[in-house]
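A.B. asks: Sequence:
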Amino acid sequence: MYKKGKDLTQGPVVLNLLALGGPMLIGMISVIGFALTDTYFIGLLGTQELAAIGYTFPISATVFAAVFGLGVATSSLVSQSIGKRDFAAAKRFTTHCLSLSLLLVSIFIILGIWTITPVFTWLGAQEQTLTLIREYMVLWYAGMLFIVIPVVGNNAIRATGDAIFPAIIMVFAGVLNALMDYVLIFGKWGAPAMGMQGAALASLIARFFTLLASVGILHFREALIDWAHFFTGGIVESWKRILGIASTAAVNNIVIPFSIAIVTRLIASYGEDAVAAFGVASKLEAFALIPMTAAASGMAPFVGQSWGANQKGRILEAYQWMFRFCMLYGAFIGILFYFLSSWMLSWFDQNPEVLRIGTSYLTLVPWSYALEGVLIFSTISFNAIGKPSISLVFTSLRMFIIYIPVALALKYFFGITGIFIACALANLLAGTSSYRYAVYKIRE
Numbered sequence: 000m001y002k003k004g005k006d007l008t009q010g011p012v013v014l015n016l017l018a019l020g021g022p023m024l025i026g027m028i029s030v031i032g033f034a035l036t037d038t039y040f041i042g043l044l045g046t047q048e049l050a051a052i053g054y055t056f057p058i059s060a061t062v063f064a065a066v067f068g069l070g071v072a073t074s075s076l077v078s079q080s081i082g083k084r085d086f087a088a089a090k091r092f093t094t095h096c097l098s099l100s101l102l103l104v105s106i107f108i109i110l111g112i113w114t115i116t117p118v119f120t121w122l123g124a125q126e127q128t129l130t131l132i133r134e135y136m137v138l139w140y141a142g143m144l145f146i147v148i149p150v151v152g153n154n155a156i157r158a159t160g161d162a163i164f165p166a167i168i169m170v171f172a173g174v175l176n177a178l179m180d181y182v183l184i185f186g187k188w189g190a191p192a193m194g195m196q197g198a199a200l201a202s203l204i205a206r207f208f209t210l211l212a213s214v215g216i217l218h219f220r221e222a223l224i225d226w227a228h229f230f231t232g233g234i235v236e237s238w239k240r241i242l243g244i245a246s247t248a249a250v251n252n253i254v255i256p257f258s259i260a261i262v263t264r265l266i267a268s269y270g271e272d273a274v275a276a277f278g279v280a281s282k283l284e285a286f287a288l289i290p291m292t293a294a295a296s297g298m299a300p301f302v303g304q305s306w307g308a309n310q311k312g313r314i315l316e317a318y319q320w321m322f323r324f325c326m327l328y329g330a331f332i333g334i335l336f337y338f339l340s341s342w343m344l345s346w347f348d349q350n351p352e353v354l355r356i357g358t359s360y361l362t363l364v365p366w367s368y369a370l371e372g373v374l375i376f377s378t379i380s381f382n383a384i385g386k387p388s389i390s391l392v393f394t395s396l397r398m399f400i401i402y403i404p405v406a407l408a409l410k411y412f413f414g415i416t417g418i419f420i421a422c423a424l425a426n427l428l429a430g431t432s433s434y435r436y437a438v439y440k441i442r443e
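Residues in the sequence shown are numbered consecutively from 0, following numbering that gives the first Met the number 0.
Incorrect hints may have been included.
[To be verified] Mimicking DSS-like on lysine-lysine, the simulated pairs with C-alpha atoms at most 25 Å apart in a straight line are:
1. LYS410 with LYS5
2. LYS410 with LYS239
3. LYS311 with LYS83
4. LYS83 with LYS410
5. LYS386 with LYS282
6. LYS282 with LYS239
7. LYS440 with LYS311
8. LYS5 with LYS83
9. LYS386 with LYS311
10. LYS5 with LYS311
11. LYS282 with LYS83
Bear in mind the hints are in silico, worked out from the structure with no lab data behind them.
Please work from the sequences and hints to get the whole structure.
C.D. replies: See below:
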């Protein structure tokens, strides 16, 4: 760790951000890009299968939100320890984050499989679609161990200032997932045609290899795992610190998919074509937001190390660079989707109603992406300094105070388009307020 990691408290701010955000961008493009490939392959099976995947999105997003809460705690504690030059603490927190993750994921797997039917019934899935969902989600939940450990491990690696190896792991996983999708969904190269189950199994296989790679780097190269004290060595105190950050960060992360679940329920009242359209549009949206999310995620170890070293001026400079980037990129994406959204949606489904609803979403909401990007890097920065409660305030403002109430009101006047208008307004208002507050707190 001492030789391979990077001291982010030194050197030009913008170069540090590029060094962190660039590899993260490549990694995220591969993962979400191949998730789109996953959606494309499932779309070839039929609109009902595509709708089934649309129903799973808020649930998978909720699980990832909880997992990323542990990742946030890992990144925050490890990066701040490195900023303070307390490398023993960095190793201890990495080890105990992994042990806590192993315990929690066992609970998640049991609860997830047990609640498949009631949860997706509540979301509005019909019986035939529910059968497809069950086939997919049982395997998906079974592979959660291979999701949690790599997320925590990669956050520890990035906290040292190394964004390259986590990106390599993400690219490898994305390529392998896409390849296995093709083989297992359609039964190529002698494999049975498994349909949606094949998509879930492909993800499980790819994530197994990410687990091996992540743990291998942490152990052999970074020397950040203390196996002798995996469940000892002050673990109670470590778990208290970890859970203090992770629990709030997880709630913060869960707010969005929980709200999306409610929105999905609202959209389901317009039919399964609407759910399919919303699901595909959400995947395209996630892909479009990759550069801003990658830059913000890369900013987390920079903020953590700088905060630990009490260098607030560098954090403020990073904020100013990120704000400019979000404004320019957000405008570009708004223009791109305005002219090309219908064509992009047609890659996944030719159903006229799916295309109509999806185009309505993607010609309206993307104009708010610039401020959504600002909200993303503001909340990630608060998490990095161990203050996820502030992030929770702004995320709740966006989803519960603005998005859902306004969506409920506007749907009666504008139909499904009113829900999309509410989404854009929530991004604009929450993004603006989060940036102003963040700059104020840094300058205090």
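A.B. asks: Taking the hints in turn, state whether each one holds.
C.D. replies: Hint-by-hint comparison with the structure:
1. LYS410 with LYS5: Violated, at about 50 Å.
2. LYS410 with LYS239: Given pair LYS410, LYS239 is violated - Cα atoms ~44 Å apart, limit 25 Å.
3. LYS311 with LYS83: 14 Å, holds
4. LYS83 with LYS410: Since the Cα atoms of LYS83 and LYS410 sit roughly 51 Å apart, the hinted pair is violated (cutoff 25 Å).
5. LYS386 with LYS282: 29 Å, violated
6. LYS282 with LYS239: 36 Å, violated
7. LYS440 with LYS311: Answer holds: LYS440 to LYS311 is near 10 Å, not above 25 Å.
8. LYS5 with LYS83: 14 Å, holds
9. LYS386 with LYS311: Given pair LYS386, LYS311 holds - Cα atoms ~15 Å apart, limit 25 Å.
10. LYS5 with LYS311: Roughly 19 Å separates the two Cα atoms, so the pair holds.
11. LYS282 with LYS83: 39 Å, violated
When the structure is compared with the earlier hints, violations turn up for hints 1, 2, 4, 5, 6 and 11 and for no others.
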